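Peer 1: Whenever a hint applies, use it, and build me the whole structure from the sequences.
If you read the sequences in order, they're chains E and P.
Its first residue numbered 261, the first sequence is counted upward by one per residue in our numbering.
Its first residue numbered 51, the second sequence is counted upward by one per residue in our numbering.
Hint data in this document are derived by calculation from the structure and do not stem from the laboratory.
Honestly, I wouldn't trust all of these hints.
Said to hold, decoys possible - Which residues of chain E face chain P? A few of them, derived with a C-beta cut under 10 Å, are: (1) L310; (2) E328; (3) T329; (4) E330; (5) Y333; (6) L334; (7) P335; (8) E350; (9) L353; (10) P364; (11) L386; (12) N388; (13) L416.
As the list claims (entries may be wrong) - Simulated restraints, written as ranges between beta carbons of each label pair: (14) E:L321 x P:I318: 52 to 60 Å; (15) P:L113 x E:A372: 50 to 58 Å; (16) E:T474 x P:F130: 47 to 55 Å.
These numbers come from a predicted model, not from an experiment.
Cβ coordinates follow ideal geometry from the N, Cα and C atoms, glycine included.
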Amino acid sequence: MALLTIQDLSIGYDAHTVLQDLNFSVHTGDYLCIVGENGSGKSTLMKTLLRLQKPVSGRILTGDGLKETEIGYLPQQTIVQKDFPASVREIVLSGCQGRCGMRPFYNREEKALALQNMERMGIATLKNRCYRELSGGQQQRVLLARALCATRKLLLLDEPVSGLDPKVTAEMYSLISELNRDGITIIMISHDLSAALRYASHILHIGPTVFYGTKEAYLESEPGEIFTRDSYATTEPQRAKHKGGKRK
Amino acid sequence: MIEKLGMYLQYPFVRYALIVGILIALCSSLLGVTLVLKRFSLIGDGLSHVAFGAMTIAAVLNLTSQMLVILPVTVISAVFLLRSGRNAKIRGDAAVAMISVGSLAFGYLIMNIFSTSSNLSGDVCSTLFGSTSILTLTERDVAICTVLSIAVVVTFILFYNKIFAVTFDEDFSRAAGTHTDRYQLLISIVVAVIIVLAMNLVGSLLISALIIFPALSAMRLFHSFRQVTVCSAVLSVFCAALGILISILAGTPVGSTIVAVDTAAFIICCAAGLILGGIRK
Ligand SMILES: Nc1ncnc2c1ncn2[C@@H]1O[C@H](COP(=O)(O)OP(=O)(O)OP(=O)(O)O)[C@@H](O)[C@H]1O
Ligand SMILES: [Mg+2]
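Peer 2: Quick look at the structure:
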């Protein structure tokens, strides 16, 4: 039994369908990278997997004893208001809320877990700092530590490196693949194809043609060939224009 | 002056006013932080107008227990408002403004048509700005207020962690399996209860001040959610007590005096925040 099995899934908003008939499954220990152009529905897919929104049709089955409250999530943009007073510790600890259930307060174990994850992400020294005063890279680590508190099994990351400089990006990727080696299944959305190809075990390409398979198979496949060629060949300004056209 | 104060404190109505004032200040400051952060600073204003509208209806119907109308109507509006803020077809502030203006006009209209009192604008004025009604509280009022306040405080403490999580990042909370809708509902109900309570003290128009000022003042000084919450509660209680005492000694209107003290506290906190910020850097 796979960790997640997606059957004939169609996703979208209200009446408007973004993607149709997805079929794939994610197994424990996989590192799945979701690639595709802007607006192709990657974030929508992730939100549907998280049950933040209803699928238009189809089913998402969980297996391997994965509970709904055991999924860690790193959103594409956390719209935290500029003036929100929250310390790093409070935010990381809030990752334990699923574990905590109806119990009103966090227990010692959960506090220890939060501390441990802060150490893992190298932000233990920042624990009493105010979240909004941190740099983008530090904030991303805080949110990753929070996601880790929520799960031991499955982590969903929506563009975890957007807006980070190359050095921090590389650190972030190696952190994530370290987590994967520790046995956490990763589903990550990324625009960075070279990184996707370097770290992932499986690729889900969404767009006009959908591809799902191992990364070796992806490189051989048609969408893979076109997408890799495009993203390496085109220069930045042209890509931006391309994005604009696809949005709508 | 101490003697004079001591003399006043002999009177039960002064003691009642102090107790009720402090309880309401405590309750309203607790959720103030959440409301300000969720961009619902004016919900106090809006809901108190709804409560005003409901009150006029209750008055016209000649109900003995006005609470039976006011509380449910306000709770329903609160649920509607805080919910619509999220799935924004009408954005939060617009919805609040709409409901607030609508029920204010409606309430005034009803009062105008049905009121038998000759001093209409006086009536409206005292419901909006808070009359001396806090000085005419009965033992029963105090008991009701105490029970509701304790309920609010206990609820807040029990759900403190969840309220923080849901306010900070609703999507993450839902993904982590928290029933955010339930907590949203809980927050709405508690807010409505607080506002109906507070109407007695400061009147409709000044309720927002009780919700906003302590939270904003505390946010100048502190940077974690817990510190801000504790600080705003302490500050709010202190300002309310001080305001009531001043208003008794100086004979000024209770509501406005409390708000004036809150404003002064805010200015002091701003200054302190700037100085502390300067030192830290
Ligand atoms: N709240 C919404 N209501 C209606 N349609 C939406 C909503 N959010 C996104 N869409 C539409 O759904 C489609 C997919 O959006 P989605 O955010 O999933 O794209 P994405 O692949 O994550 O893009 P990006 O790479 O820019 O993050 C887009 O065409 C978008 O216009
Ligand atoms: Mg996206």
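Peer 1: A separate judgement is required for each hint: does it hold in the structure or not?
Peer 2: These are the hints, each one checked on the structure:
no., hint, in the structure
1, L310, "4 Å, holds"
2, E328, "5 Å, holds"
3, T329, "3 Å, holds"
4, E330, "8 Å, holds"
5, Y333, "4 Å, holds"
6, L334, "9 Å, holds"
7, P335, "6 Å, holds"
8, E350, "5 Å, holds"
9, L353, "8 Å, holds"
10, P364, "4 Å, holds"
11, L386, "12 Å, violated"
12, N388, "7 Å, holds"
13, L416, "8 Å, holds"
14, E:L321 x P:I318: 52 to 60 Å, "59 Å, holds"
15, P:L113 x E:A372: 50 to 58 Å, "55 Å, holds"
16, E:T474 x P:F130: 47 to 55 Å, "50 Å, holds"
Going down the numbered hints, you'll see the structure goes against just number 11.
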